[in-house]
Amino acid sequence: MDYLNTSSHYDVVIIGAGMSGVAAGIRLAHFGQKVCIFERHNAVGGLNSFYSQSGRKFDVGLHALTNFVRPGVKGTPLTKLLRQLRIQRDEFQLAEQKRSRVAFGPSGEVSLNFTNDFEVFESEIARAFPAQIDGFGKLVEAIRTYDDVSLGAQPVSARAVVKSFIGDAQLEDMLFCPVMYYGSAQERDMEFGQFVIMFKALFLEGFARPFDGVRVILRVLADKYRAAGGERRMKCGVRKIISTQERATAVELDTGEVITANHILSSVGGPETEQLLESTVTTAHTSPVGALSFVETITILNQQPRELGWGDDTIVFFNDSERFDYTAAQDQVDPRSGVICFPNNFAYADGQELPEGVFRCTCLANYGEWKRLEERDYQAAKACWFGIMQASARRFLPTVSNETLAQNTLATDMFTPRTVEKFTRHFGGAIYGSPLKHRQGRTALENVYLCGTDQGFLGIIGAMLSGISMANYHILRG
Amino acid sequence: MTKEETKQVMIDIIADVASDEDFTNIKPDVRLRDQLELDSMDFLDIVMELRKRHNIEVPEAEYPQLASLDSCAEYLTPKFEALGK
Chain Z
403 MDYLNTSSHY
413 DVVIIGAGMS
423 GVAAGIRLAH
433 FGQKVCIFER
443 HNAVGGLNSF
453 YSQSGRKFDV
463 GLHALTNFVR
473 PGVKGTPLTK
483 LLRQLRIQRD
493 EFQLAEQKRS
503 RVAFGPSGEV
513 SLNFTNDFEV
523 FESEIARAFP
533 AQIDGFGKLV
543 EAIRTYDDVS
553 LGAQPVSARA
563 VVKSFIGDAQ
573 LEDMLFCPVM
583 YYGSAQERDM
593 EFGQFVIMFK
603 ALFLEGFARP
613 FDGVRVILRV
623 LADKYRAAGG
633 ERRMKCGVRK
643 IISTQERATA
653 VELDTGEVIT
663 ANHILSSVGG
673 PETEQLLEST
683 VTTAHTSPVG
693 ALSFVETITI
703 LNQQPRELGW
713 GDDTIVFFND
723 SERFDYTAAQ
733 DQVDPRSGVI
743 CFPNNFAYAD
753 GQELPEGVFR
763 CTCLANYGEW
773 KRLEERDYQA
783 AKACWFGIMQ
793 ASARRFLPTV
803 SNETLAQNTL
813 ATDMFTPRTV
823 EKFTRHFGGA
833 IYGSPLKHRQ
843 GRTALENVYL
853 CGTDQGFLGI
863 IGAMLSGISM
873 ANYHILRG
Chain G
117 MTKEETKQVM
127 IDIIADVASD
137 EDFTNIKPDV
147 RLRDQLELDS
157 MDFLDIVMEL
167 RKRHNIEVPE
177 AEYPQLASLD
187 SCAEYLTPKF
197 EALGK
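If you're matching them up, the sequences are chains Z and G in order.
Going letter by letter, the first sequence gives residues 403 to 880 in our numbering.
Going letter by letter, the second sequence gives residues 117 to 201 in our numbering.
For the record, the hints were derived by calculation from the structure and aren't laboratory data.
Check the hints yourself; a few may be wrong.
Said to hold, decoys possible - To give an idea of the chain Z side of the interface with chain G (calculated C-beta under 10 Å), a few residues:
1. His432
2. Lys436
3. Pro473
4. Gly474
5. Lys476
6. Gln495
7. Lys500
8. Arg501
9. Gly510
10. Val512
11. Arg617
12. Arg621
13. Val622
14. Ile870
All values derive from a computational prediction rather than experimental measurement.
Just so it is clear, CB atoms sit at the ideal spot from N, CA and C, and this is done for glycine as well.
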């Protein structure tokens, strides 16, 4: 029981029990810091959690764990993470993707397959864009040699860098589409360092998933944290950071209780942390709220997607427009592009198969357009967009008739920017946070640090490494 | 504590910090970095584990003393002895 022997002072208070907060907590507790994580929700995981509905467990966030490398590959984010948290890789029970695709054109006429073997992607580009393969090779070389973990790099436009190697706008967009969908908080363009992190995570490394989904990873983290002596208080949010001059002295909980701390590590986001400081620190807000949010439809099937005729794709990134438009939707949803995920299509150990088929589809959304709806209109909008999104996504898959799909559908669910806001408290339902990242995790106060999304490492492995790096850099090395 | 015991202490720590490495044939006179994939994060962890487990402080300027198992033994054994170990 975490709640019985609660203390009123900690070496470190961590705000938020997402991947980054718990990873930071493991490091700090392991090295003898008295640490407590305060989480407003009743579950760990933050943006990458799970929920139960009608006896089914649904993952939120995670389509696939990116940054997958096979045993023996050293020096990549996954390896670093496992070492830093003293986790054996078997504990994550990772199964590799079968095959993913980037599909562009009104029904996927131009398609690039990729797997966890990078040569597949290279040969696909050589096939579909033969004039670009030399430029692509040089781009990959620039990506491989870029120092993406430097905390002091100057921002450079990724579009500008990629254009300098790739002369075909469609290929350029096909490279940006997966990279942006899986991590960019910025519309249209991204910082090149962020592009490098995501390109490596998706293409040079790869996709994997535990058979039981994200909860396997969360359980490992929670167990490590507890074993290291870390404390946590759930359903116990922080509403204010209290400070004197340049230093924070305490946090005030939703209950009014005050907990003093030497250091505060906030994983709740840049603008969100600034709001916690608001009443005591007079500096202007510097972090804009992210404009990008998403809707996702989830369809549960009574058979494997393959059996229904949808093949073995793991993830499909699709776009029907001449130029890929990664911006907040004008309407509630922008169904022109999106991501399809079939969690069934990972190569699980011993040929295991998930008990039911799962078809997930994610599209860009507009937070404001969802936020302003009355409850009844909100439900109607969800129903309406569910059909539109599914229809849009299915253009990029082998044809399955509406009747067949309806007959084999057991259940559906959908989340919107409102759902994201409700459960993660991210302003604007912005899954990837603010477009302004704080690489060194600094805030207006010298002993309050950011980790997680707005520190700027991406994906769930990135989130965990963010917590680790900030704990190391600001607290353990100090 | 003997120098051999100090080496074993180091091997135990490295085995935890980099459990995916193969420790069966570590040569004591060769730089650890030349035999194992250890980056600066891993070295920092080794130093922190020394502090956590054995109360031994290694100032940053002296990290090069931890280059090989032999140099670790030379450098750390007197520190263990000073602690009465």
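- [ ] Taking the numbered hints from earlier one at a time, note which ones the structure violates and give those numbers from smallest to largest.
- [x] Checked against the structure, the hints that fail are numbers 2, 6, 7, 8, 9, 10, 11, 12, 13, while the rest are satisfied.
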